[in-house]
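As a plain string of letters, each chain reads:
2 protein chains.
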Amino acid sequence: MKFQDASIEEIDIVMQESWTAFHKYRKISLAQRASFMRSIAEEIEALGDELLHITSEETNLPEPRLRVERTRTLFQLKSYADACERGDWLEARIDTAIPDRNPPKPDIRKMLIPLGPVLVFGASNFPYAYSTAGGDTACAFAAGCPVIVKAHPAHARTSEMIAGAIKKAVQKNNLPEGVFAHVYGTSFEVGKALVMHPNTKAIGFTGSFQGGKSLFDWSNQRKVPIPVFAEMGSINPVFLFPEKLQTSAGEVAKMYAASITLSVGQFCTNPGLIVSMEGNGLTEFIYELSNEIKKVAPAKMLHAGIASAYAEKRKLAMSQADVETIAVSEVEEINAEGLPAIASATAQAFLSNPLLHQEVFGPYSLIVRCKSEEEMMQVVQQLEGQLTATIVATENDVNLYGKVIDAVKNICGRFIYNGVPTGVEVSLSMHHGGPFPATTDSRFTSVGADGIKRFARPICYQNWSNDLLPDELKNENPLNIWRTVNDQLSKNRIEEF
Amino acid sequence: MKFQDASIEEIDIVMQESWTAFHKYRKISLAQRASFMRSIAEEIEALGDELLHITSEETNLPEPRLRVERTRTLFQLKSYADACERGDWLEARIDTAIPDRNPPKPDIRKMLIPLGPVLVFGASNFPYAYSTAGGDTACAFAAGCPVIVKAHPAHARTSEMIAGAIKKAVQKNNLPEGVFAHVYGTSFEVGKALVMHPNTKAIGFTGSFQGGKSLFDWSNQRKVPIPVFAEMGSINPVFLFPEKLQTSAGEVAKMYAASITLSVGQFCTNPGLIVSMEGNGLTEFIYELSNEIKKVAPAKMLHAGIASAYAEKRKLAMSQADVETIAVSEVEEINAEGLPAIASATAQAFLSNPLLHQEVFGPYSLIVRCKSEEEMMQVVQQLEGQLTATIVATENDVNLYGKVIDAVKNICGRFIYNGVPTGVEVSLSMHHGGPFPATTDSRFTSVGADGIKRFARPICYQNWSNDLLPDELKNENPLNIWRTVNDQLSKNRIEEF
Chain F
116 MKFQDASIEE IDIVMQESWT AFHKYRKISL AQRASFMRSI AEEIEALGDE LLHITSEETN
176 LPEPRLRVER TRTLFQLKSY ADACERGDWL EARIDTAIPD RNPPKPDIRK MLIPLGPVLV
236 FGASNFPYAY STAGGDTACA FAAGCPVIVK AHPAHARTSE MIAGAIKKAV QKNNLPEGVF
296 AHVYGTSFEV GKALVMHPNT KAIGFTGSFQ GGKSLFDWSN QRKVPIPVFA EMGSINPVFL
356 FPEKLQTSAG EVAKMYAASI TLSVGQFCTN PGLIVSMEGN GLTEFIYELS NEIKKVAPAK
416 MLHAGIASAY AEKRKLAMSQ ADVETIAVSE VEEINAEGLP AIASATAQAF LSNPLLHQEV
476 FGPYSLIVRC KSEEEMMQVV QQLEGQLTAT IVATENDVNL YGKVIDAVKN ICGRFIYNGV
536 PTGVEVSLSM HHGGPFPATT DSRFTSVGAD GIKRFARPIC YQNWSNDLLP DELKNENPLN
596 IWRTVNDQLS KNRIEEF
Chain H
116 MKFQDASIEE IDIVMQESWT AFHKYRKISL AQRASFMRSI AEEIEALGDE LLHITSEETN
176 LPEPRLRVER TRTLFQLKSY ADACERGDWL EARIDTAIPD RNPPKPDIRK MLIPLGPVLV
236 FGASNFPYAY STAGGDTACA FAAGCPVIVK AHPAHARTSE MIAGAIKKAV QKNNLPEGVF
296 AHVYGTSFEV GKALVMHPNT KAIGFTGSFQ GGKSLFDWSN QRKVPIPVFA EMGSINPVFL
356 FPEKLQTSAG EVAKMYAASI TLSVGQFCTN PGLIVSMEGN GLTEFIYELS NEIKKVAPAK
416 MLHAGIASAY AEKRKLAMSQ ADVETIAVSE VEEINAEGLP AIASATAQAF LSNPLLHQEV
476 FGPYSLIVRC KSEEEMMQVV QQLEGQLTAT IVATENDVNL YGKVIDAVKN ICGRFIYNGV
536 PTGVEVSLSM HHGGPFPATT DSRFTSVGAD GIKRFARPIC YQNWSNDLLP DELKNENPLN
596 IWRTVNDQLS KNRIEEF
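Taken in order, these protein sequences are the chains called F and H. Using our numbering, the letters of the first sequence correspond one by one to residues 116 to 612. Using our numbering, the letters of the second sequence correspond one by one to residues 116 to 612.
Just so you know, not all the hints are guaranteed correct.
Unchecked claim - Pairs of lysine to any residue residues, derived as SDA-like cross-links and limited to a Cα-Cα distance of at most 20 Å, are as follows:
1) Lys589/H <-> Asn607/H
2) Lys606/H <-> Gln603/F
3) Lys338/F <-> Asn607/H
4) Lys524/H <-> Glu160/F
5) Lys220/H <-> Leu189/F
6) Lys524/F <-> Asn525/H
7) Lys338/H <-> Phe118/F
8) Lys524/F <-> Asn581/H
Calculated from the structure, these hints are not laboratory results. Note that the structure is a prediction, hence the values are computed from the model and not measured.
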């Protein structure tokens, strides 16, 4: 057994080392953290194409797709390193003393500091970008937190290679070993022991609702509850409006056939629900979408568990009362998995059947046909929190259906206009999160450098002399970061009084 | 019965109105929100000194103390209104499109939007500043959320008057009535029904650990869990170091006698634990502190429940093995409550008795005598999360005991040097929060305008045309707010491409 489950004793040792490392790592400079993160990127790059071969074997994802994901992962590490050094995320605030106020106003300065060891559970569908050295790990390192990764069993060899790259970067940057730990475990007990360990101070997770909700519940049952950021997926509703469909049904259908089936539908931003009003435009859209879906070949999914879950959930959804099959792939494939398929239901059928609101993880989408704007509004009001929602509309549509569109905005984290939800840009402006059950905390993102703030908390220094303050808050602003000084953003040094 | 408990049906009506109001209130401009908040301050001011008389009757707090708290409350409303309009809290981020990238990079813009109706539970010890129109309410209004206040039964008449002022401001600003609701309830059921209602989207609470933890647990058991910011108090440890005591024991003792007994010790930042190393300095400090404490008169506490809890907890703490009474007030008072008292224990007694780590809410403090720096370190490592921790030391002490001081920093939200923890400045640099059990979420503050962010979440607009974007994110920056544009903070307009 190469990848043996960690024992409770081994987990305790790992967590003790992580805790010891935390007290060293939290004190290194932003520049040193950034340099460490850039080293990780270099070491991953140095693994070369051997990494792609192994990951492709483990995940059935084609190498070109993995190459793009590797580039994205390196970009994450490097761009979050830049953000770490830039220091905006520290939310540095300074209010200078007013000694002659009654009572005297003390000097008060605030910045974010790391929470402590962060436990990361990666996702099977992004073996690089949301896994061992993915966004959660990068954000935690930027915040000043050690990381413990529980290796995803579906790509354990990939995870081991990436862990090796991180460990090399730890050594090259003269950091304590405990800054990064890599734990194997297929059993429920390993995950729970890591979550419940007192030295674990926060959790990042990407995966299923069941998985994320368990972590959330365990964390809240701890003597000292800890923050959990679990991204648990979404059906990513798409709303198609009449004028847009009248003019562009074919074009929209092509765009959506591609989005629904991209990477065998294995994205948390996959458009699993399309809502529209009955009419010629929708009829044409459905016709065009059917033609496109029929032409897309089935393909191997990430692993047998995902393939069988997809087959079961899709069949169950498509066999519900008043659900009509619109199209399935007509391309014959040996060992076919991940069959592209679309179905349709009336708004009334959808409203009365909660099963149809559930995510079917794979290349599947349900089209909900509404008789009126009111019915569409009812659908929106019944939807749970979503990572994304998309409006496909002309400006006339937007003006005409403003009320529905405004309600859609209130249930999602990312709000897309005339586009597709797949494709999550890595940028500061990205929000990859959303109201529960899309995530466990809608106030944070797991993509973009704002994700660093999930793993940090403010500390406020009152009345400390300049030489005892951390560099980030010193009068002379030696790191040249943006700070809010007496309510005004500034990079200026603070004059002594 | 003037203040009758709300029924489940009444609570449901209140929460429906709040939800309806939310969809109007969230769309008004920052300037309109600020104007509403300033109106509330005016209406509270217009209540005049009648308000102070009634509150003093209800809480036993003297009018001069209440006058200061009223000023603070008005300042909170007005300064958070300013912060609301300034818009830094929106965390506006813009990444402009790169159409010729492969694949094309879309235009992405992000800002914070309100969570929805916020439920506020005020504190008995701050009938204005942490109650009906206190910090939580002000932050929620600034964020764009309606507020439902559960009136504190210990100052129901005060709460009713303040609620009346808020309702006047609602009318004067032509806002929907449901923007603010005031619910009475002494029973457990009223609080729980409000927490569990699906339209409640976040909770602000200041009070006991038991109260806050119940809200936290209920919220996490909801079908859709919601964020709870509960500030649950703290023992606010103070660390006195040798050189400082050698030179200033008497001065430090005077300062601490005042802090321990301020407002009959009824502050969540009351210094309940003083930790030091044995020696002449500590002996002198204890002697001087005793003399001061003996001279402080007992006084009526906020209500009978708090007075009896104080008496019981103090007696229990002082009767523990190896706990020695150092001094109690020698001032005789009729109807004496809130007896100033200090006790002392060895570090070993403290380390072996968890009861001594608990908050004794009132004018009481325990002095823990350590034999060595190592013992002091053990005490720090055993302490739970704290709102504040204070270092009383010379710069030599800081250099000599850096390891202990660094460990102290890691357990607190506010870190004070040569001062007292009582007195919480209302400023952006303030952090009133701390690791659990000081609060349920150490990443947020309940004092200062950063508290607005507790009640808001990001939304990300992808590919929207300029005229469909909210003002905060439009190219021309009509609100003249700070935004991070392509990773750089700026107030500039964005050039069209």
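20 Å Cα cutoff - pair lysine 524/F, asparagine 581/H: Holds - the C-alpha atoms of asparagine 581/H and lysine 524/F are around 17 Å apart, at most 20 Å.
Within a Cα-Cα threshold of 20 Å, do lysine 589/H and asparagine 607/H meet the stated pairing? holds, 11 Å
Are lysine 524/H and glutamate 160/F close enough, with their CA atoms no more than 20 Å apart? Roughly 38 Å separates the two Cα atoms, so the pair is violated.
For a C-alpha distance cap of 20 Å, please report whether lysine 524/F and asparagine 525/H respect it. violated, 39 Å
Does the structure keep lysine 338/H and phenylalanine 118/F at a Cα separation of 20 Å or less? violated, 37 Å
Would the hint linking lysine 220/H and leucine 189/F be met if the CA-CA limit is 20 Å? Roughly 18 Å separates the two Cα atoms, so the pair holds.
Hint check: lysine 338/F vs asparagine 607/H, CA-CA at most 20 Å. Holds or violated? Given pair lysine 338/F, asparagine 607/H is violated - Cα atoms ~48 Å apart, limit 20 Å.
Given the hint that lysine 606/H pairs with glutamine 603/F, test it: the Cα-Cα distance must not exceed 20 Å. holds, 12 Å
Checked against the numbered hints above, the structure violates hints 3, 4, 6, 7; every other hint is satisfied.
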